[in-house]
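Number of protein chains: 2
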Amino acid sequence: MTLDTLLAAIDADHDKAVARLMEWLRIPSISAQPQHAADCVAAAEWIRDDLASMGFTASLRQTPRHPVVVATHPGTNADAPRLLYYGHYDVQPADPFELWASPPFEPVLVEGPHGKRVVARGAVDDKGNSMTWIEAMRAWCKVAGGPPCPVVAVIEGEEEVGSQSLPAFLRAHREELKADVAVISDTGMWNIATPAITTQLRGNTHLQVDIKASSRDLHSGMYGGSARNAVNLLASIMGDLHDANGRIRLPGFYDDVKEATPAQRAAWQALDFSEHDYLRDIGLSIPVGEKDRGALERLWARPTADITGMWGGYTGAGSKTVIASEAHAKVSFRLVPGQDPQRIVGCFEAFVRERLPADCQASFTVFGTSEGIEVPTDSRFIRAAQAALADEYGVPPAMIGCGGSIPVVSQLKEILGLDTVLMGFGLEDDQVHSPNEKFEMRCLLGGTRSHARMLARLGA
Amino acid sequence: MTLDTLLAAIDADHDKAVARLMEWLRIPSISAQPQHAADCVAAAEWIRDDLASMGFTASLRQTPRHPVVVATHPGTNADAPRLLYYGHYDVQPADPFELWASPPFEPVLVEGPHGKRVVARGAVDDKGNSMTWIEAMRAWCKVAGGPPCPVVAVIEGEEEVGSQSLPAFLRAHREELKADVAVISDTGMWNIATPAITTQLRGNTHLQVDIKASSRDLHSGMYGGSARNAVNLLASIMGDLHDANGRIRLPGFYDDVKEATPAQRAAWQALDFSEHDYLRDIGLSIPVGEKDRGALERLWARPTADITGMWGGYTGAGSKTVIASEAHAKVSFRLVPGQDPQRIVGCFEAFVRERLPADCQASFTVFGTSEGIEVPTDSRFIRAAQAALADEYGVPPAMIGCGGSIPVVSQLKEILGLDTVLMGFGLEDDQVHSPNEKFEMRCLLGGTRSHARMLARLGA
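Chains A and B, in that order, are what the protein sequence lines are. Sequence positions in the first sequence follow this note's numbering and run 1 to 460. Sequence positions in the second sequence follow this note's numbering and run 461 to 920.
Take these hints with a grain of salt, some might be off.
Capping the alpha-carbon separation at 25 Å, the derived lysine to any residue pairs in SDA-like fashion look like this [claimed, not checked]:
#1 A:K116 with A:A8
#2 A:K212 with B:T775
#3 B:K672 with A:S274
#4 A:K320 with B:E786
#5 A:K178 with A:D378
#6 A:K212 with B:K672
#7 B:K672 with A:A295
#8 B:K780 with A:Q92
#9 B:K602 with B:T775
#10 B:K751 with A:C360
#11 A:K212 with B:A723
#12 A:K258 with A:A295
#13 A:K320 with B:E888
#14 B:K751 with B:K602
#15 B:K780 with A:A42
#16 B:K751 with B:A723
#17 B:K576 with B:Y853
Read the hints as simulated data drawn from the structure, not as lab findings.
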């Protein structure tokens with residue numbers, strides 16, 4: 001078998017691949033909504049049956065909520081590395097429905113500037129993106145009797161609701177899931193012509209502080225000028241999060257931050273990213289963050305402090321003469337490799353307590369923590385992905401970061417000890433989580449061919 | 461007629477005065493609640509009839525909402541100054557009902573540390589307090605055929621809902637309401653043994669600022685480190701309202717502040733006010749405000765800046781990774797004589813705009829403005845009130861301020877040109893606006909006798 005035979009088979013099967021994706025997209029597997037629980041099972045069974053039809057040993061595994069699909073194939077070369085592919089069959093809720101040009105679970109093929117695209121909830125996130133590696137498996141099975149590497153596929157149904165069943169599942173099936181690397185297609189390309197590998201993800205410490213001052217709400221006329229106002233106090237604390245240069249003032253916050261290497265900085269600078277355009281799209285023109293850092297470094301490799309919610313006093317229409325007893329803020333610290341998310345909780349507590357008068361109280365609730373992730377770029381797996389993408393697209397992939405977190409990447413590292421190759425085929429305008437979500441069929445095909453190429457390299 | 465005869469008549473009639481007050485209190489004249497509109501009319505008619513029964517010419521005047529009672533008496537000495545007495549028959553809503561020891565509109569006499577007290581909604585605010593001067597009128601009418609001064613009484617029914625009909629009413633009846641001074645009993649004593657005259661009231665500029673940054677809410681992972689966060693921005697602005705010494709940073713804010721005189725400061729310092737106890741009662745121990753000013757000066761004669769409400773981002777349970785597009789704050793500036801409340805709007809706008817990045821917007825909504833009030837203490841009216849109170853209580857009245865606003869005092873000054881003698885008989889523990897509102901019958905009697913004495917002095 002030559003690679004050309006494999007790629008030709010993929011090309012020949014493309015229309016059917018599009019039809020299969022559209023069939024999967026018809027199942028409204030919204031994990032957040034209990035009335036769609038049966039649809040989640042149906043979407044899991046659909047992809048289980050699809051993988052089984054190729055020759056995979058595939059089954060559903062129950063969890064406290066939605067089932068996980070596990071499918072394994074021994075591969076045609078037992079000496080090749082075992083690869084764990086991860087995807088998710090669940091999708092975001094589709095409302096507001098009135099903003100969809102066509103019903104979210106009646107997928108349609110629409111002609112766009114890049115050729116045909118499929119419009120439906122889940123088109124790219126993550127049914128379409130998952131289908132890139134699943135279609136590659138199909139081609140390998142058809143042409144060569146199986147993928148050249150041993151494969152275990154894990155397709156879960158709770159990604160859009162926080163993957164809460166996943167850690168226990170990974171722990172319980174550690175042996176079965178043993179692998180040399182994880183591969184995920186749930187991210188994006190740099191642009192339609194340039195593939196990307198995401199090697200850097202920020203972590204997060206998200207918590208709430210509740211400030212208590214007086215024992216009850218007070219009249220602002222009667223007490224103003226003597227009694228502490230919890231909202232004034234919280235504003236003064238939270239307003240002090242950044243210094244004039246955009247640096248975060250938490251004591252010890254930057255202690256363990258891993259600096260980007262000169263090579264990384266140079267690579268990011270070489271990308272054609274315009275912060276001006278990026279901000280213009282959201283109605284802004286002046287960047288925030290550390291003044292002495294580049295835009296992509298600030299977005300991918302520097303930590304942040306964003307208040308995600310704040311409230312206190314009277315928030316209805318009109319006015320009320322009140323000095324509030326309590327005030328509240330939620331704050332998200334995006335973290336980078338090196339920073340310990342638990343330690344950041346302590347840094348924030350210290351920051352608040354330094355500014356807290358002795359007669360006021362502060363309490364803290366941690367919603368979640370995750371570490372920043374950096375995938376080593378000198379591994380054979382990343383090199384294989386780079387080469388596969390370069391071969392397919394004719395340009396080397398952009399090695400990019402992502403300002404957000406992908407919790408499963410941390411879980412795979414922590415529980416199974418796996419690094420992850422994040423190689424996805426979404427585009428910035430795919431409307432992820434929004435009405436009229438779409439996926440370019442050109443991306444489906446290019447993604448399938450890229451995965452097929454990577455398997456060829458790793459199984460050789 | 462001697463003063464002793466008059467005071468003896470008041471004492472002899474005291475039980476009946478208590479019964480009259482309790483009868484008035486049975487009428488649930490809650491101005492805020494449309495279902496009590498007829499009760500408001502009933503309470504107005506009740507006090508109209510009571511004043512008419514003494515010999516006053518009394519009538520109800522319609523307004524867009526609740527009627528105003530106007531009652532006049534020519535007095536027995538046409539050369540004496542004409543006095544405008546103001547009170548209000550409307551009361552606050554009584555909920556939460558479950559916190560009342562007895563139903564709010566079934567007044568009861570309860571024995572307390574100062575003797576009998578009546579417990580009911582409106583007991584002190586303002587039916588009981590109004591009854592001090594109304595009972596004094598009754599005694600003068602009975603013993604001497606009328607008060608020694610010409611009197612016009614104005615008893616409105618919208619004080620608890622902002623006195624919105626009153627300014628137009630005052631303007632429309634300027635001639636009829638012509639007087640030399642206004643007298644109001646809607647304030648408090650210094651303590652049970654020490655009467656008080658309130659000569660200083662703070663004004664207020666209450667407004668809202670709405671901040672707009674990005675054109676839509678953003679994901680805090682994807683945009684954190686580049687995009688402006690409206691809540692971070694608003695916190696940094698509002699957290700900057702005060703400097704480290706408690707002074708307000710608005711440009712020009714203190715320009716026109718009238719400083720307390722050394723005599724005022726000395727008088728306030730002579731009052732036995734413990735800020736420690738005052739704060740302890742509300743769970744605090746460390747005062748705020750300007751560090752170089754005394755407690756009563758800060759509460760009565762210095763301006764403040766209190767955020768009365770603030771909100772932005774996600775304020776529900778749990779967390780959401782959002783950089784909010786908008787953030788909002790309401791702020792109340794308590795003002796002192798000299799400060800122009802409209803000018804303070806401009807000072808705040810300038811303060812915000814100085815701190816506003818060029819790509820963000822701020823808009824402002826003014827809820828209300830009122831000037832700080834200072835009643836000249838060298839008038840014959842204040843001197844008469846001081847003497848009457850000193851004669852009655854055996855100690856000179858405390859000359860005090862009030863940190864809040866009493867809008868009618870500004871309206872009487874602005875529309876009718878009248879200064880106001882604020883001489884009230886409430887106590888700090890009267891539970892004004894709260895469940896179990898009460899009025900000490902010792903205060904009703906002392907207040908009645910004090911008003912009778914003041915009339916004697918002014919009519920002589």
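Against the structure shown, which of the earlier numbered hints fail to hold, in ascending order?
Going through the list in order, the structure violates hints 6, 9, 11, 14 and 15 and respects the others.
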